[in-house]
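Asks: Residues in the sequence shown are numbered from 22 upward in steps of one, following my numbering.
Bear in mind the hints are in silico, worked out from the structure with no lab data behind them.
A hint or two may mislead.
[Claimed, not checked] Across the chosen pairs, the derived CB separations fall in these ranges:
no.: 1; residue 1: Glu-23; residue 2: Leu-115; range: 31 to 41 Å
no.: 2; residue 1: Thr-67; residue 2: Thr-97; range: 29 to 39 Å
no.: 3; residue 1: Ser-62; residue 2: Leu-22; range: 31 to 41 Å
no.: 4; residue 1: Glu-103; residue 2: Glu-42; range: 16 to 26 Å
Ideal Cβ placement from N, Cα and C applies to all residues, glycine included.
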Amino acid sequence: LERIWGMGRMFLDGLEQIVGELGIPAEVVGYPPMPFMRFLSSDSATDLSARFYRGVVERGVLLHPGHQWFISAAHTPFDIEEALCACRASLACL
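Model the full assembly from the supplied sequences, consistent with the hints where possible.
Replies: This is the structure in structure tokens:
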């Protein structure tokens, strides 16, 4: 359980950093094992969300657009870094 929380914390912290660096109007929420990201710009949130999720899928990462994502015991630091790289690349294209 501690390992799952650690992997989740790595993902949450990394995603918060990416969102901040890129100036994305979004907030990273949830507990480390169940993170999620909400887009804040009401006028364009739906468009940004659709483009983000399409972008991560194109990069080989599946994140559900409608509810929390889940970190499991199977996830490794490499998996977390790959997911963060896909998130960064997708967010950078918004």
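Asks: Against each hint, give a clear statement of whether it holds in the structure.
Replies: The hints, checked one at a time:
1. Glu-23 with Leu-115: 31 to 41 Å: 34 Å Cβ-Cβ, so the 31 to 41 Å window holds.
2. Thr-67 with Thr-97: 29 to 39 Å: For Thr-97 against Thr-67, whose Cβ atoms are near 33 Å apart, the range 29 to 39 Å holds.
3. Ser-62 with Leu-22: 31 to 41 Å: Because 36 Å falls inside the window, the suggested range holds.
4. Glu-103 with Glu-42: 16 to 26 Å: Given about 18 Å between the Cβ atoms, the range holds.
Hint compliance for this structure: no hint is broken.
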